[in-house]
Amino acid sequence: NAGVMQNPRHLVRRRGQEARLRCSPMKGHSHVYWYRQLPEEGLKFMVYLQKENIIDESGMPKERFSAEFPKEGPSILRIQQVVRGDSAAYFCASSPQTGASGDQPQHFGDGTRLSIL
Amino acid sequence: GDSVTQMEGPVTLSEEAFLTINCTYTATGYPSLFWYVQYPGEGLQLLLKATKADDKGSNKGFEATYRKETTSFHLEKGSVQVSDSAVYFCALSDTLTGGGNKLTFGTGTQLKVEL
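Each protein sequence line maps, in turn, to chains A and B. Residue numbering for the first sequence follows my numbering, starting at 363 and increasing by one per position. Residue numbering for the second sequence follows my numbering, starting at 8 and increasing by one per position.
I should point out that these hints are in silico values taken from the structure, not numbers from a laboratory. Wrong hints could be hidden among the right ones.
[What the hints assert, rightly or not] In the DSSO-like style, the derived pairs of lysine-lysine whose C-alpha atoms are separated by at most 27 Å in a straight line are:
hint: 1; chain 1: B; residue 1: 75; chain 2: B; residue 2: 59
hint: 2; chain 1: B; residue 1: 84; chain 2: B; residue 2: 119
hint: 3; chain 1: B; residue 1: 63; chain 2: B; residue 2: 75
hint: 4; chain 1: A; residue 1: 389; chain 2: B; residue 2: 75
hint: 5; chain 1: A; residue 1: 389; chain 2: A; residue 2: 424
hint: 6; chain 1: B; residue 1: 67; chain 2: B; residue 2: 119
hint: 7; chain 1: B; residue 1: 84; chain 2: A; residue 2: 389
hint: 8; chain 1: B; residue 1: 119; chain 2: A; residue 2: 406
hint: 9; chain 1: A; residue 1: 406; chain 2: B; residue 2: 63
hint: 10; chain 1: B; residue 1: 59; chain 2: A; residue 2: 406
With the hints as extra help, turn the sequences into a complete structure.
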């Protein structure tokens, strides 16, 4: 079974450009999560999605950031008009849908390292 | 809100030394607790988990016990190897509407094991 696939692994953008990060969950997983890791810090939750639905976006910045998980294709994290402070590693995770989800471990991709020039 | 506090690193040990990485948490309700490991340039890998008080999670010689009375989940290993060098993250999960769960992470503890 392929794991969580993220691409690109590294992305360089200039200030003001758009960044698109992609994530394909593990086969059979219907829950997708995005986390951001700033240098020397732990991961911070951004958003939780199921197919065609944003379930919880309490960790997303209110402006410039959006996420989707369409019926077909990967989940996309989109950052518009990037700024230097957006430089970070962005990780996607997925988990299966179960009745007792609180203890279902999330499986992480290798992340996208975003650098803003 | 929920939070996780880990001991600061880096922690430098000689091979075969005993390892303890402290982790305490603050949460409402009864979260599940996890340890994840991150090798350079990679994503996080689940190391072990515990879902209720007094549970002991174990894997690859690592273990941690869910202590509700002290709100702790300390990671231990009796004899570390050079290959254990990595960053270790303690995390708790909080159930979300829709059946998912949000992970709250500590800041991570870097472990360096030397020959």
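Hints versus structure:
At most 27 Å may separate the alpha-carbon atoms for a hinted pair to count; residue 75 (chain B) and residue 59 (chain B) meet this at roughly 8 Å. Restraint check for residue 84 (chain B) and residue 119 (chain B): the C-alpha separation of about 14 Å stays at or below 27 Å, so the hint holds. At most 27 Å may separate the alpha-carbon atoms for a hinted pair to count; residue 63 (chain B) and residue 75 (chain B) meet this at roughly 12 Å. A C-alpha spacing of about 35 Å is found between residue 389 (chain A) and residue 75 (chain B), which places the hinted pair above 27 Å, so the restraint is violated.
Only pairs whose Cα atoms come within 27 Å are accepted, and residue 389 (chain A) paired with residue 424 (chain A) is rejected, the gap being roughly 31 Å. A threshold of 27 Å between alpha carbons decides the hint, and for residue 67 (chain B) with residue 119 (chain B) the separation of about 17 Å falls inside it, so the pair holds. A hinted pair counts as satisfied when its Cα atoms are at most 27 Å apart, and residue 84 (chain B) with residue 389 (chain A) does not qualify at roughly 33 Å. Our distance criterion of 27 Å between C-alpha atoms is met by residue 119 (chain B) and residue 406 (chain A), whose separation comes to about 24 Å.
For the proposed pair residue 406 (chain A) and residue 63 (chain B), the alpha carbon gap of about 26 Å is at most 27 Å, so the pair holds. Distance hint between residue 59 (chain B) and residue 406 (chain A) is fulfilled; the C-alpha atoms sit about 24 Å from each other, no more than 27 Å.
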